[in-house]
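So the sequences go chain by chain: A and B.
Using this note's numbering, read the first sequence as starting at 898 and increasing by one per residue.
Using this note's numbering, read the second sequence as starting at 898 and increasing by one per residue.
Worth double-checking, as some hints may not be accurate.
[Unchecked claim] Simulated restraints, written as ranges between beta carbons of each label pair:
1) A:V1068 / B:A1098: 32 to 42 angstroms
2) B:E1227 / A:R992: 54 to 64 angstroms
3) B:G1233 / A:T908: 48 to 58 angstroms
4) A:T908 / B:P956: 51 to 61 angstroms
[To be verified] Chain B residues, not near chain A, derived (Cβ > 12 angstroms throughout):
5) A909
6) G1138
7) G1186
Just so you know, the hints here were simulated from the structure itself, not pulled from any lab data.
For each residue, glycine too, the CB sits at the ideal point set by N, CA and C.
2 protein chains.
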Amino acid sequence: MTGTLTTAAITADDLEALARGAAVLGTGGGGDPYIGRLLAAQALREHGPVALVAPSDLPDDAQVFPVAMMGAPTVMVEKTPSVERIGDTVAALARHIGVTPTHIACIEAGGVNSTFPLVAAAQLGLPVVDGDGMGRAFPELQMVLQTLSGIGCTPMSIADEKGNVGVLQSVDNRSAEALARSLTITMGCAAIISNYAMTGAQARASLVAGTLSLCTRIGRRVAEVRAEHGDAVGAVAAELGGRVLHSGKVTDVARRTTTGFARGTAVVSGAGELVLEFQNEHLVARRDGVVEVTTPDLIIVLDTDSGEPVTTEALRFGHRVSVLAAPADERWHSPGGIELVGPRYFGYDTDPVRFDAREDR
Amino acid sequence: MTGTLTTAAITADDLEALARGAAVLGTGGGGDPYIGRLLAAQALREHGPVALVAPSDLPDDAQVFPVAMMGAPTVMVEKTPSVERIGDTVAALARHIGVTPTHIACIEAGGVNSTFPLVAAAQLGLPVVDGDGMGRAFPELQMVLQTLSGIGCTPMSIADEKGNVGVLQSVDNRSAEALARSLTITMGCAAIISNYAMTGAQARASLVAGTLSLCTRIGRRVAEVRAEHGDAVGAVAAELGGRVLHSGKVTDVARRTTTGFARGTAVVSGAGELVLEFQNEHLVARRDGVVEVTTPDLIIVLDTDSGEPVTTEALRFGHRVSVLAAPADERWHSPGGIELVGPRYFGYDTDPVRFDAREDR
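Model the full assembly from the supplied sequences, consistent with the hints where possible.
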């Protein structure tokens, strides 16, 4: 209104849409974004809106600090960290490295980790980058495009809600995952982490651009289309450049939790049967024994009527759902990307199968 | 020889005696000091003798850095850390705190951790303090007299042989144990740690003085007395102000390793039966159902013929052993000390029973 450039911003009013879209990109995992949304709402009310900066607008020498929640989001509800602790975790890493953060970023687009960084951004008075390190959700720290670009996960900071803090330096990003995972478990299965600190140049080159805006757009579309009694599921597919693979009723859900992840299988019956294999996220979709889509592409389950995303924990017998597939960031399909997040890494005996936009059935 | 004061020093020739004495103070735990002795021998050959400084000679503003091995010493044999990694772990903590170490110290007198600090001292060219934080061996990080003095275990550094390094800051010393233990397990069950960094004034007030000299003296006496076909067991008891509780043959050893510690029970038959309860260290000695001595006092098992210390892992059916008891540092008998290392902490349903020098049986 004063003639200066209007900077995009995220306000408390955006959080409902952002959280819904984040649960869509979470592809069944990433946790219910409810707690992240609550914390962000509190921080935005207290500190005002957070400026949103496109990766392409980052100066080369920007100091970009991602922040995230590691562990089980369900546990975080029980022992919610204070807003200050989240900012302190970023500050602990910044102090260790000896630089001053200029921007906050999301390392994951999906679930709680799309809203969690807004808390740090609001508290520290910093803008947040409109992008993330995956373009979706994945369960382990090394599973980010930064790893493919040779950017270190460490030094990283890790903290709990009581005030215990660690700074880790690892020989590679997978070791960082192992070390941080063990601390997270000791910290009660939920920790705050800040890792993959990057320059602006590194962030521009390695982040998936636009994912916070995309989440908000998806979340808004679902609400709008639903208000018009339209096809919310189709609207989500359109926003993601994906398509509906299958619609039907959940007729079987089998879960095992032996390895600390929510592993399992869900059967969606309808015109034929689609079997979903999940480990936090939906990773493989099979129709009649034939693999139709696998990680790294996105497999998304929505409530057929409302278009609301359904997490793997919330899948229930009798639930009427639609299964969407959508393309992942192209870099995930490189040999290094497939090694990091392809189906074989997760223990599925199949080559990766890419999302195909043609409806051949 | 130049008329200046002769400083005491530890040379490679002292290591055999020092390691033997350390295994005695290890009271069955602390690990076989063999690997620590090998590493120390290599470091002392390369860098020369290490000066030994009495706690009482420490200036107030000395910066004393303990260094130790955490985890299973048996594992360390498989993946021996380089001499440099040990020094680097001290350096990582010093850098984090922002001070320059002036002295190295032992946090534990017993097993590998009496010789391990000599490696860092030799490599960094620093003197080692003639003392330690326990006056014996105990299995957990918070079990040091420093905790009773309000000295923090953290900031602490922790590193593995590959180059992974963490710096931890905890809300209390028991939380430091939990966090560092989980990292140690992920690091392959053996890690190098530097913790309880102290000023000279704090070290003077909180260390048990003279334990490295005591270990060396005990180790020498065993060799001398054995050479004279004398009573090596009696000589050890005399050095420690203790007495022989029992001599006989090991007639039963039961072990369980469910909680990550080598828990178990050993029966020594002879004139009556003495039952030893151990968890890494020997913690309770019972005769005919009556508790005779408990932690924090020292319960030591020696080979009856040779006077060589026997670790709890080495206890075998048919082994002819002598069981000694000796008094712990008086501070361990305070209410705070008993809370930290008394028999109930270890899960034994008995009040602490102090060593009694009178032979009433």
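Now for the hints, and whether the structure bears them out:
Taking 32 to 42 angstroms as the suggested C-beta distance range, the pair V1068 (chain A) and A1098 (chain B) conforms, at roughly 38 angstroms. A C-beta distance of roughly 41 angstroms is found between E1227 (chain B) and R992 (chain A), which places it outside the suggested range of 54 to 64 angstroms. Between G1233 (chain B) and T908 (chain A) the C-beta distance comes to about 53 angstroms, which sits within the given range of 48 to 58 angstroms. As the Cβ distance of T908 (chain A) to P956 (chain B) is approximately 59 angstroms, the hint placing it in 51 to 61 angstroms holds.
The beta carbon of A909 (chain B) sits about 32 angstroms from the closest Cβ of chain A, which is more than 12 angstroms, so the claim that it is off the interface holds. Every CB of chain A lies more than 12 angstroms from the CB of G1138 (chain B), the least distance being 40 angstroms, so the non-interface label holds. With a least CB separation of 38 angstroms from chain A, G1186 (chain B) remains clear of the 12 angstroms interface cut-off, as annotated.
Hint 2 alone, counting from the list given before, is not met by this structure.
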